[in-house]
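**Student:** Protein chains in written order, with the working numbering: chain A, 1 to 294; chain B, 1 to 294; chain C, 1 to 294.
Bear in mind the hints are in silico, worked out from the structure with no lab data behind them. Backbone N, C-alpha and C define an ideal beta-carbon position, used for all residues, glycine too. Where hints are given, some of them may not hold.
What the hints assert, rightly or not - Counterexamples of contact, computed for chain C against chain A with all Cβ distances above 12 angstroms: (1) 21; (2) 34; (3) 39; (4) 189; (5) 193; (6) 219; (7) 223; (8) 280.
Claimed, not checked - Pulled a few chain C residues facing chain B out of the computed Cβ check, cut under 10 angstroms: (9) 12; (10) 46; (11) 200; (12) 235; (13) 244; (14) 254; (15) 255.
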Amino acid sequence: LTDPDRPAGPLDPVFFLSDYGLADEFVGVVHAVIAHRCPAATVVDLTHGVPPFDIRAGADALARAGPHLGPGVVLAVVDPGVGTPRRGVALEVATGTGPRWWVGPDNGLLIAAAEGAGPIVAAYRLRPADDSGPGSDARPGTFDGRDLFAPAAAALLAGDLPAGLGDPVDRAGLVRLPAPLVDRGMGPDGRPFLRTEVTWVDRFGNVQLAGVPGEGPSWIETGPVALHTSTEAPWPLRRVGAFADLGPGELGLLVDANGRWALVRAEGSAAGLLDLAAGAVVEFGPVVEGAGPG
Amino acid sequence: LTDPDRPAGPLDPVFFLSDYGLADEFVGVVHAVIAHRCPAATVVDLTHGVPPFDIRAGADALARAGPHLGPGVVLAVVDPGVGTPRRGVALEVATGTGPRWWVGPDNGLLIAAAEGAGPIVAAYRLRPADDSGPGSDARPGTFDGRDLFAPAAAALLAGDLPAGLGDPVDRAGLVRLPAPLVDRGMGPDGRPFLRTEVTWVDRFGNVQLAGVPGEGPSWIETGPVALHTSTEAPWPLRRVGAFADLGPGELGLLVDANGRWALVRAEGSAAGLLDLAAGAVVEFGPVVEGAGPG
Amino acid sequence: LTDPDRPAGPLDPVFFLSDYGLADEFVGVVHAVIAHRCPAATVVDLTHGVPPFDIRAGADALARAGPHLGPGVVLAVVDPGVGTPRRGVALEVATGTGPRWWVGPDNGLLIAAAEGAGPIVAAYRLRPADDSGPGSDARPGTFDGRDLFAPAAAALLAGDLPAGLGDPVDRAGLVRLPAPLVDRGMGPDGRPFLRTEVTWVDRFGNVQLAGVPGEGPSWIETGPVALHTSTEAPWPLRRVGAFADLGPGELGLLVDANGRWALVRAEGSAAGLLDLAAGAVVEFGPVVEGAGPG
C-alpha cells in the first residue's frame, strides 16, 4: 500500500532516538534494518544516550530537538515495556515544517514532542512484529526497535500507507507523562518561593529547569534571586546571557538554547557544584536588597 | 580492475565495527577515507564500543548483527596484532541476502559472522598498506583501519576486483576463535548441572549466555531452574518472555533477541546484581520441587 | 548568493567535530539543521568526544584528522566563549585535496589544521545568528553550533558565497594557540634531556607527545632512551614499530600513525601505567650503556 500523494525526490530523514547506548550493536542493527528496507534512507541519530529505561528523559530530549527537525519520520525507542501488551504506535502530525510521522512505544515518549510539531491527526497501533495473524500465539519480542519500529519507520518513509502497518486507534487514549513539578507559593516565613524540577543535566553540567521564563512570579523574572538548598546558605544567582559572562566562582541563571531557565557556570559544571541530577527539585527565592544577618 | 558484473544503482552500505571508541577521531578518519575514495558510499556504524583489544567481543557483536545486515561490505577492526605479520583479509561469502565482502584482520574476528551469512567461497590476503613492492623495507603501520582496511572496503564497494587488493589464500588456514564454554554433567552430589560462559553483558545489564535453547539438558528447557553461585544460596530463575514480566526482586531466564539464553531483570541490571561480566562462567541446576532444608 | 563556479554532482561531506558528547541531543540537532537546509549533505562525524571546553584537544584532533580529509566543509565547535564577542569565522583554504572551508569559533580551534590543508586565503566573520540587522539589540545565544555554525556550513556546502554569511576579516588577527612544550637541554648533572608535553592519550592508553621524530637530539633518534619520572627509577624504553612487538611488561617508544612519538604498550595502557594525561610533561634521557649503580 503506497501513498499515491508521495512526493518524488530525495527521501526525508529518519530521526532516531533511543536509550540503546553505543557500546552495543543495537543502534547499528536498527540502521542496517532501515538501510535494507529503504536503501535511499538517511538516518539522523538524535541521541542514543538516554539513560536506560528513562522515558521522561527521552521525551524531553525529543521535545527539545523537535523544533529543529525538518520533514521526516521520527523513530524513538525507550521501551521498558517491550514484550508486554503496551502498544507500538505511529502518530501522524499535521505540520508544514516538521516530521509527519512519529513511531515508537505508546508510553509517553512521543506525544509531547509530536504535539509540539503540530496537531496529531491520526494514530495507528502497529501490529506486533511476530503476530502472524488471527489465531497466532506468537508474542512480541524483546527488541522491537529492530523488529517492529524500524520496519514501520522505513515503510512510512518509503511512502507506504499506515493502514498497512496497523489499525487506527483513539488519539485520546494515548499515554501521557505527568508534567514536571513547578510550584510557587509563600513559605511559613512569609517569603515567596518557586520550586521547580530539574529536567535535564547536560554533558557540560548545565541544569535545565521545568520553569519557563515569562511564566514565573515577577520576582524571578526581574529581581535578584537566590537558590536555596537544605545544607548551605542561599546561593546568589547572577543573570547572564552567556556562560562566559560568569566569573570562576559564580553561579548563573540563564535562558538556555531551548528557552528554559538553566543554572550554569563558566567552563564548569553547575550540576557538579550543586550535586543535582534530573528529577531533583530546586527552590528559588528573591534576594531582599540590603538584608543581612542580624 | 573493476568487476564487469557490478550492478548499477545505489551502492550497498559499508557496515563498520571496531574497538576504536568514539572519544578519539579514529572512526571519523576511517569514514573520511571511505568518503574520499568512494563518495557515494554509505557507512552504517554497527558499534565502536567493543572493549579495546577484545577480539571475541567484536566477533560476537558481528555474529549477532550479521543476520540483520543486507548486501554490502563488512569492515571490522579489533586488531591488537596490527603492524605484525598477522594477515589482513577480505573474505568473499556466497549469500543472496547478506554482505558479500568481509574485510579485517585474520584473527578470528570475521569468520564466524561471515560463515553465518553463507559459505566463504574465497579469501584474499590484503597487501600491507605501505608495502611498495619488491625490495621495499616498508613495514605495516599502527592504524590499518585507516590505511589498509578502509581503502580495501571502499575498493570492493566501488566494484574493484579483489585480485587488485591481494592474493588468494587458503580458506582452511583462516584463524578461528575457540568456542565458548558450555559444559553439562553430573556433580559429585548426583545433581545435574549446566555450566556456560557469559558471552555478553549489554548496556541494560542483560547477561547473554553461550548456551542455546534447544541444545541444553531437558531440565533446563522445561523445568524450574536455579542459578548456582559460590557465595550465595541458589537463585531461582523465572522463565519469561519479556523483561516487564518480572517483579522488582526477580531474576529471569529469557530467550533473547538473538535466540540465546539470557539472565535478565525488569528495569535493572542482572549483571550488576550478580556481579557478572563477559567471560565469567555461570552454573545452572534443576530445582527439585518440594525439596527443602532438613 | 550562489557560487557560479560550484561544481555539479554529489556534494562533498561536512566534517563535524565538537565537545558536545553523544549523551545529549546536541550533535543530532546539528545534523538535523544541516539536513533541513541542505538535504543532499553527508555529515562525517570526526569525533564529539573532545573533553568539554578543551580547545587544544579539539585543535589537535582536527590537525590529526586533517591530512585524511578530502574536499568538503569542516565544522568544528569547542566554544567556551559562546555568547561573548568572540568571533565565529569561516576560513577559506587553497587546497587541491582537502577541505576548502573551515567553520567554527575564532579561538584557535581551526587554524593549525586549516593551515595543514593549505594556505588560508580568506577569512570571514560570521554574522551572529540572531543579529537581525543594524540597531538590533539581539545578542548571540548559547548554542551557536546549531544556530550559527551549522547554517553557515550548510550554506557553504550548498555553494553559497561567503559574502552572504559575513564580512572579510584580517587573517593575521586570527587567534592561535601557543605551541606545546618541547624543551631540550643539559641537566645540572651534565646529562642531556628532552622534555615534551603529552598532547593526547587515546582510548587505548597510547601517549602521544609533542616531539616529532627527526627534530629531537641525536640520542633520542637512535640510541637507547629512558623515561624519567619524579617517583621511580628511569623506565627503559624499547623502540618498536608495532604494539605487539612489546612483551607484557615493556614500555615502548613508537612513531605513531600521525608520525609523532608515542609511549605505548602491548594490549595495555601506557597512560594508565605511567599515570599520564594530556598536558603532562615527560622527560627523556639517554641510557648510558654499561653504566650502573656505584
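**Student:** Among the hints numbered above, which are violated by the structure, and what are their numbers in rising order?
**Tutor:** 1, 2, 3, 12
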